[in-house]
Each structure stands twice: as structure tokens, then as C-alpha cells.
Amino acid sequence: GAGVSQSPSNKVTEKGKDVELRCDPISGHTALYWYRQSLGQGLEFLIYFQGNSAPDKSGLPSDRFSAERTGGSVSTLTIQRTQQEDSAVYLCASSYRRGGGTDTQYFGPGTRLTVL
Amino acid sequence: AQRVTQPEKLLSVFKGAPVELKCNYSYSGSPELFWYVQYSRQRLQLLLRHISRESIKGFTADLNKGETSFHLKKPFAQEEDSAMYYCALSGYNTDKLIFGTGTRLQVFP
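Chains as they are written, first to last, in our numbering: chain P, 1 to 116; chain V, 1 to 109.
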């Protein structure tokens with residue numbers, strides 16, 4: 001079946017502009033995760049959704065970052081007033097959260113964000 | 001603090017040589033440990049997890065709680081093993097993955 005999809009694949013924006021990144025998880029997956037991959041930083045956790053609620057937002061780097069999930073499916077990560085340090089690849093993953101232990105997370109192809 | 005350390009940014013070997021990608025972790029409690037792999041122009045995917053105790057594509061990894069390590073090993077590297085490898089941990093019921101910075105494995109013919 002279809003895997004996790006993300007759009008756009010590439011986004012170039014000017015400093016100070018707002019951007020929206022979209023993630024379509026695998027159908028039936030109740031858990032959705034956002035990660036950021038910066039040069040030399042590895043992958044950093046941003047936020048986790050279970051259904052439409054976000055029990056763990058601890059990785060969001062500032063209040064310029066927000067995310068929502070509607071209908072237990074699509075999620076949008078919004079970055080307001082983008083800064084150059086926001087340039088990174090933003091990865092989305094989903095899993096079928098059965099409770100207890102960690103289920104396999106399936107990753108999307110990522111959105112490469114470049115802030116000029 | 002929860003942390004995953006992969007000390008090598010790059011590991012280069014010749015085909016047929018043994019490979020060991022190092023991973024150390026810091027976690028208070030009993031973590032789950034994973035290895036993820038990203039081949040060129042492909043998405044990040046799970047390679048193996050410690051609770052499965054499997055060998056995937058000839059790779060194995062043993063969790064050593066005393067040394068807080070989860071090194072990835074393969075006795076004979078193949079060219080198709082060239083990729084970026086990430087070690088990650090998760091705590092029971094915490095869901096999020098904490099990744100190391102990754103090791104690029106290059107296998108030369």
C-alpha cells in the first residue's frame with residue numbers, strides 16, 4: 001500500500017515568511033511523528049500525535065513552530081516567521097500504536113526547507 | 001538525560017571485511033534500541049530492533065546494558081550495505097525516537 005507522503009518535497013522561502021509542511025500518514029496509523037534533520041545534528045524529535053491530540057510537544061524548538069492533525073489523519077507543521085536556522089529536512093513518520101513498547105515507525109521522504 | 005552517541009561520522013571498509021558501527025546510549029530505565037538505515041535517495045527505514053533479536057541483511061546488534069552499547073555488526077560487508085546508519089532509542093510508552101547523529105558506511109569493491 002501507499003507509504004507516508006509529504007508535501008512539498010522542497011520549499012525555498014525568505015526569512016520572515018510562514019511555511020506549512022504537510023504529512024499524509026499510512027492509512028490506519030494512529031500515531032504520527034515529526035522530526036527534523038539538520039546538517040550535522042542528526043534527527044531531532046519535534047512532536048508526536050496520537051489521534052488528533054499531541055501528548056508530547058517537547059521537541060518543538062520555539063513558539064514559532066506549531067502542528068495540528070485533523071481527522072486522525074493528515075498533519076500540518078507550521079513554522080511562522082522563518083529563520084535561517086530553520087533550514088533542514090523535516091521528516092514525518094507514522095505507526096500503528098498498539099500501546100506498550102514502541103511500534104515500527106514508517107518514514108516519509110521528507111520536506112527540504114531552505115530559508116534564504 | 002536521554003542521549004545516543006555514534007562516535008564515527010564515516011566508516012570505510014572493503015567488500016568482505018567485517019563491520020562494526022558503534023552506538024552508546026544514556027537512558028535511565030529500560031530503553032528499546034533500534035538501528036535505522038537510509039540508502040541513497042531512499043527514505044529512512046528500520047533495520048532491526050533489539051527486542052526482535054533478529055539478523056537482518058546479515059546485520060546483528062546486541063544490547064549490552066553494562067556498557068550501555070548497541071553496536072551494529074556484520075561479518076562480511078557488501079557494497080550494497082553502503083548507506084547512512086542511525087542508532088535510536090525509545091523508552092517504554094514514550095514513543096518518540098531519540099537518534100544519534102549517524103554513521104555513513106562506505107563499502108569499497
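Source of the hints: derived by calculation from the structure; they are not laboratory data. Here the structure is a predicted model, which means the values were calculated and not measured. Ideal Cβ placement from N, Cα and C applies to all residues, glycine included. The reader is advised that the hints may include incorrect statements.
Unchecked claim - Far from chain P, by Cβ distances over 10 Å, these chain V residues were calculated:
1. Leu10
2. Phe14
3. Ser26
4. Gln45
5. Ser55
6. Lys65
7. Glu67
8. Lys73
9. Pro75
10. Tyr86
11. Thr101
12. Gly102
13. Gln106
14. Val107
Stated by the list, open to error - Here chain V is said to cover these stretches of chain P; the calculated rule only asks that three of the stretch's residues, wherever they fall, bring their Cβ under 8 Å from a Cβ of chain V:
15. 60 to 69
16. 104 to 115
What the hints assert, rightly or not - The calculated SDA-like cross-link candidates involving lysine to any residue, where the alpha carbons are at most 20 Å apart (straight line), are:
17. P:Lys15 x P:Val89
18. V:Lys9 x P:Ser38
19. V:Lys9 x P:Glu44
Right, here's what the structure says about each hint:
{"no.": "1", "hint": "Leu10", "in the structure": "holds, 13 Å"}
{"no.": "2", "hint": "Phe14", "in the structure": "holds, 27 Å"}
{"no.": "3", "hint": "Ser26", "in the structure": "holds, 15 Å"}
{"no.": "4", "hint": "Gln45", "in the structure": "violated, 7 Å"}
{"no.": "5", "hint": "Ser55", "in the structure": "holds, 17 Å"}
{"no.": "6", "hint": "Lys65", "in the structure": "holds, 17 Å"}
{"no.": "7", "hint": "Glu67", "in the structure": "holds, 21 Å"}
{"no.": "8", "hint": "Lys73", "in the structure": "holds, 21 Å"}
{"no.": "9", "hint": "Pro75", "in the structure": "holds, 26 Å"}
{"no.": "10", "hint": "Tyr86", "in the structure": "violated, 7 Å"}
{"no.": "11", "hint": "Thr101", "in the structure": "violated, 4 Å"}
{"no.": "12", "hint": "Gly102", "in the structure": "violated, 6 Å"}
{"no.": "13", "hint": "Gln106", "in the structure": "holds, 18 Å"}
{"no.": "14", "hint": "Val107", "in the structure": "holds, 22 Å"}
{"no.": "15", "hint": "60 to 69", "in the structure": "violated (count 0)"}
{"no.": "16", "hint": "104 to 115", "in the structure": "holds (count 7)"}
{"no.": "17", "hint": "P:Lys15 x P:Val89", "in the structure": "holds, 17 Å"}
{"no.": "18", "hint": "V:Lys9 x P:Ser38", "in the structure": "holds, 15 Å"}
{"no.": "19", "hint": "V:Lys9 x P:Glu44", "in the structure": "holds, 17 Å"}
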